[in-house]
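Student: Order-wise, the sequence lines are chains A and B. Residue numbers for the first sequence follow my numbering, so the first one is 1 and each next one is one higher. Residue numbers for the second sequence follow my numbering, so the first one is 1 and each next one is one higher.
Quick caveat, the hints were computed from the structure, so don't treat them as lab data. From a predicted model like this one, the values you see are computed outputs, not experimental measurements. Even for Gly, the Cβ is constructed at its ideal location relative to N, Cα and C. Misleading hints may appear alongside valid ones.
To be verified - Examples of chain A residues lying across from chain B (beta carbon under 8 angstroms, computed): (1) I94; (2) G101; (3) A223; (4) L268; (5) G272; (6) A275; (7) F282; (8) L287; (9) L303; (10) S339; (11) G343.
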Amino acid sequence: MSYFALTELEIHRAILTIAVAAVCSVSCALLGCFLLLKRMSMLGDAIGHGVLPGIAVAFLVTGQLTSFSTLLGAMAFGVLTSVLSESLAASNVIAEDSSLGVVYTSMFALGVVLISTLARYVDLDTNCVFMGHLVFVSSNTFDGFAILGFEIPKAFPTMLLTLVLAVGFITVFWKELKLVAFDPNLALSMGYSPKLVNYLLTALIAGTTVSAFEAVGLILVLAVLIVPGASAHLLTDRLAPMLIWSAVFAVSASIIGYFAATRSAYALDISGMIAVVLGVQFALVVLFAPRHGLIAKWWRNLLLSVRIAEEEILATLFRAEEAGVAVYSLALKDHGLSSWVIGYAHRKLIQGGLLATSEIGLPTLTETGRRTARNLVRSHRLWESYAGAVLDVPADHVHSIAARIEHYIGPELQDELATTLDQPPNDPHGKSIPPK
Amino acid sequence: MFDWLPYNTLVVLIGVALLGACSGVIGCFAVLGRRALVGDALSHATLPGVGVAYLLAGGKHFAFMLVGGFVSGLLGIGVLAILKRFTRIRDDAAIAIVLSTFYGGGIVLATLIQQLPRGGQAGWDTFIYGQSTGIVWDDVQWILALVLATLVVVGLLFKEFKLVAFDSAFAHVQGWPDRVIDFAMMLLLLVVVVTGLPAVGVLLMAAMLIVPASAARFWTYRLSHMLFLAAAIGSGSGVAGTLLSSFVPRPTLPLGPCIILFTALSFITSLLFAPERGLLARFYARRRDRIALLADLRASKETL
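Just chain A, with the same shape it has in the complex (with noise of 0.2 angstroms):
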């Protein structure tokens, strides 16, 4: 229980940085999903990097670090950084990635030579730029003010707005930001203009990656923007739920990653512990996601194998009685089908009562298994029928397309095969097609 014993000083510590990582994270996370959608993700990055000069000008004109000041020209960049690549990418010279690449490290070191003849007149220290602040959140120098004897971080009233401003933006382009991220052509032949809404969106994760950036760091704003929204890509197909979703990975990874970094014997970096916690809930995504998973994946692949390797079974013994042969091996090697998978579907037909073994030991089709069989063959048969007859398949080809299709024509399709081609009798081949 000691381990999480907190004192009152630590859970004052801890609900301040986990508020500010949270409300970070869920107006990147809730933006980045668009990003996600529309294939820009990496330019969140180029957005970070690209704002660093505008942070050297603000100080230049203005003579003074203020975050205001610095906002504006953190924006400013941010935004030119994005339309400078879009315009370059249209000159059809050179692909999206390669001019989003050449713009973004090109800026940055520009900010950084800049900041680096202004850093004798300013301390800018550019390690704090991409570490961010949330350990300062955390640690005893607090910066920030009390509002009803309560102390609240500097930090908080800013990504507060931006994360209202995030939600306000997509309650009202809802309908445009959804056309747009799905169908741009479709946008613009509807009268919609993509070309607004997007840069409505880039001036807005422009403006929040800066604000986001001071309090957390560029390390988590770049994760925080694409990952959580990475994640709820695969868990559902819908939009709504996708921006859920990346919110509640957004805050728990905000809680995990908190407690990750502060529990242990080091103090960790408490951004990069955020970072990692979001991979590794996306990795866990990857794997068990319920439809777009890996493993579920991989399990509906292997119940369809050995349903073809079960139908396969039975055809062949189907035709072996037909022809009046016996059949010795059921190896099936041309239809690609594992031994271990063919061993495994010819023990559940026999379990189902679909297949015995004969006396002298050879597999024979029971009653059910014979009107299962004859059910595929007469599906088989009738689609190389319908493809010699409508799609002027030849002879020759016919085989091979049925035996692939035969597996996922449903007792509908049949009949409305035997249909169009009038109850045919034969097959191309000249075997009879067996009755339902």
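Given the structure of chain A, go ahead and fit chain B onto it with the hints provided.
Tutor: Coordinates of chain B only, in the frame set by chain A:
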């Protein structure tokens, strides 16, 4: 002959020039294959490995840290490949995910290393921000070996790399092992990144891969020419940046960003002045077309 150049600066100059040439060549394939930002992701992805190697070795052990960086870079490549092949996460998002989470892990390890009893984050900053001025003659020999190895591999696999960079689907259809070639290309990218990182830092490494190749793209339609041009721009910017930062006494300009600014300068020059695809050339071509069209219209009006 180089009396006017201090020995240390000369060493740095040679090192940076070689590195610039090498990353220019590899960068061409990355830029053409639409994976310019993979270099950025990989250079960030090396950091946790460097940290773990530091912890395992119990101190700054340079070669070990490089190996660590290489291994975690490989892990990054693996994650990118898995996400691309088996999930619906697209390339751009996969790059952002690898970049930010690996970098976050690196930062966490950095704060851990800082607090170790034997202390110091010696050699750590080198990897993030780079320390070009710290290049010594031994490093230059390594970089030279790397450049030669890269050139040999590119020479041997030129046809394959070209095919996959321009049209990997076609390569696949033609029966080339496109995934293997792709992996070889990524591996080469990673080797260049890991070698260059301690010298020039995470961000400059990304710039050295992207900017010279993108600038070279404006001048030619031939891959072989583009490779030479990118190598020349990369090493030329390296030399110019080194000279600028070492001969401007005050303020002290950091070497890495100076080099990027020179690559950026060459890019802007290419964007403006390149024949045929440069902005000026396009502007004049359009004006010429407009004048010709107007003349045609006038002529046709007179004949009517």
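Student: None of the hints should be skipped; say for each whether it holds.
Tutor: Here is what the structure says about each hint:
1. I94: The hint holds - I94(A) has a Cβ within 8 angstroms of chain B, the shortest such distance being about 5 angstroms.
2. G101: 4 angstroms, holds
3. A223: 4 angstroms, holds
4. L268: This hint holds: L268(A) lies near chain B, its Cβ roughly 5 angstroms from the closest one there, short of 8 angstroms.
5. G272: OK, holds: G272(A) within 8 angstroms of chain B, min 3 angstroms.
6. A275: Holds - the Cβ of A275(A) comes within 8 angstroms of chain B, reaching about 3 angstroms at its closest.
7. F282: With a closest approach of 6 angstroms, the F282(A) hint holds.
8. L287: Given a least distance of 10 angstroms, the restraint on L287(A) is violated.
9. L303: 17 angstroms, violated
10. S339: 25 angstroms, violated
11. G343: Constraint on G343(A) not satisfied, violated at 26 angstroms.
The earlier numbered hints that this structure contradicts are 8, 9, 10 and 11.
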